[in-house]
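Number of protein chains: 2
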Amino acid sequence: MKGWVLLLIPVFLLFQAGGSWAEQKVIVYSRIVDLSHAITTDMPIWPGDPTPTIEPVATVEEEGYFLNKLCIGEHSGTHVGAPAHFHSGGATIDQVPVELLVLPAVVIDIRGKAEEDPDYRLTVEDILSWEKEHGRIPKGSMVILFTGWQSRWNDPKAFFNADEQGTFHWPGFSAEATRFLVEERKVAGLGTDTHGIDPGNDETFAPNTILLGAGGIHLENLTNLDQLPPTGAVLVIGALKIKGGSGSPARVLAFVP
Amino acid sequence: MKGWVLLLIPVFLLFQAGGSWAEQKVIVYSRIVDLSHAITTDMPIWPGDPTPTIEPVATVEEEGYFLNKLCIGEHSGTHVGAPAHFHSGGATIDQVPVELLVLPAVVIDIRGKAEEDPDYRLTVEDILSWEKEHGRIPKGSMVILFTGWQSRWNDPKAFFNADEQGTFHWPGFSAEATRFLVEERKVAGLGTDTHGIDPGNDETFAPNTILLGAGGIHLENLTNLDQLPPTGAVLVIGALKIKGGSGSPARVLAFVP
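These protein sequence lines are chains G and U, in that order.
If you count by our numbering, then the first sequence holds residues 28 to 284, one letter each, in order.
If you count by our numbering, then the second sequence holds residues 28 to 284, one letter each, in order.
Heads up, some of the hints might be wrong.
One copy or two, either will do: identical chains are not told apart, so a pair holds if it fits within one copy or between any two.
30 angstroms max Cα-Cα, derived DSS-like pairs, lysine-lysine [stated by the list, open to error]:
hint, residue 1, residue 2
1, Lys184, Lys270
2, Lys140, Lys213
3, Lys270, Lys140
4, Lys213, Lys166
5, Lys140, Lys52
6, Lys52, Lys213
7, Lys166, Lys52
Bear in mind the hints are in silico, worked out from the structure with no lab data behind them.
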């Protein structure tokens, strides 16, 4: 009966609304999965990025209400990156159209390969092999690399996995795979449970440069990817609309059939 | 043909998934409306709350990538309030279940009354009269008061509308209407395009105290409410998952049939 789901998700209903034909889209779901880590002051932070602070400025006892001041880098915690993150003149997060914040998710599980080789880079062959099993990656998808790094989140040392020279080691997209996904599959974005869609030891940031250069967005530091199916989930990306921002910490919810 | 929409929205499809019967929910939409103001350093800020700052910590020219540090109060800009905002021991924003972040929206337009009287408070009679036209407010809704204040956003003085004594004047929910919505209609939250679901001159914060005390959430400083129908839209509330937070600046998207 699982075929029903696949039939329902892409269904576009056409009907006359107010005299004109309006295209109706449908999100079918049975559960909502939160792909966001909690924002804490001791979460893993990219070297050079500000350490987050969460400090009370009013309390129920004193002012009658409680609230904190939050200070955080735009790319800390679970976050979105906008084209301006790597390209001067690229769209800032407030300019990214809302349609780019609602995307079908494709999940490529490379946990096995990542466990054997923390420098593993997703190849075009990996993608073609994934497609043989799950079908062609739809245009406009968010393609998420599930590396298993989400389980290292509470151990920043293991999460960054730096060697003695300070080079990071975590898996990511290869430049070729990124180019293939952007040019041949016309994806809208790339995501991962590590701190970068770029492999830790890719100091050229090739995937980000290619993807954001094409107007795409990234999602980094995702979690709960084990609760997503390979296809069929729809993401709603709650990025703050920061004027002129390079990106934003975000609440990312997955609607899973 | 508009009846089709009404038939489709509440449809719950039952089918066997993986051997067990799973309840499937459906969001039908033809457009996405962004209910969030952009976060800027000169937006209206509640007295005593921190002035937001957005400052670059890395640039494409120097570091190869651009990002800002954002400092902001949890209740600045378009934001969500969690029970802990008014009640010690109430749920903090990271504890609010994801189901509370996906809510059907009900919009009550009081622009006419608000223009005549900036201190107008929504009454139980207003609600009953709204229900005569649009049907009973569904359990678990987010009831949004559309006051017209969204058009004052770029003029902080007009937005707060303080008198010579410093008392604010904007419309809100009355205590009675709040109690009715929470107790008789079991709503999940209340929203508004002003800086408070509490009327500007209600120094007891009655609506917030009642709503958040019942475990509800608020949405304040909303915009684009003129683009929402009275019923039928579904909100997805992108609140940051701030550990121990009283609430959060948020991206609020409305899915409109």
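Against the structure, the hints come out as follows:
1. Taking the closest pair of Cα atoms, Lys184 and Lys270 come within 30 angstroms of each other only across two copies (21 angstroms); inside a single copy the shortest separation is 33 angstroms, beyond that limit.
2. Taking the closest pair of Cα atoms, Lys140 and Lys213 come within 30 angstroms of each other only inside a single copy of the chain (26 angstroms); across copies the shortest separation is 50 angstroms, beyond that limit.
3. Taking identical chains as interchangeable, the C-alpha atoms of Lys270 and Lys140 are never at most 30 angstroms apart, the minima being 40 angstroms within one chain and 33 angstroms between chains.
4. In this homomeric assembly, Lys213 and Lys166 come within 30 angstroms of each other (Cα to Cα) only inside a single copy, at 5 angstroms, whereas the closest approach across copies is 41 angstroms.
5. When the C-alpha separation of Lys140 and Lys52 is checked against a cutoff of 30 angstroms, the pair qualifies neither within a copy, at 37 angstroms, nor between copies, at 36 angstroms.
6. For the homomeric pair Lys52 and Lys213, the shortest alpha-carbon distances inside one copy (20 angstroms) and between copies (29 angstroms) are both at most 30 angstroms.
7. In this homomeric assembly, Lys166 and Lys52 come within 30 angstroms of each other (Cα to Cα) both inside a single copy, at 16 angstroms, and across copies, at 25 angstroms.
Checked against the numbered hints above, the structure breaks hints 3 and 5 and satisfies the rest.
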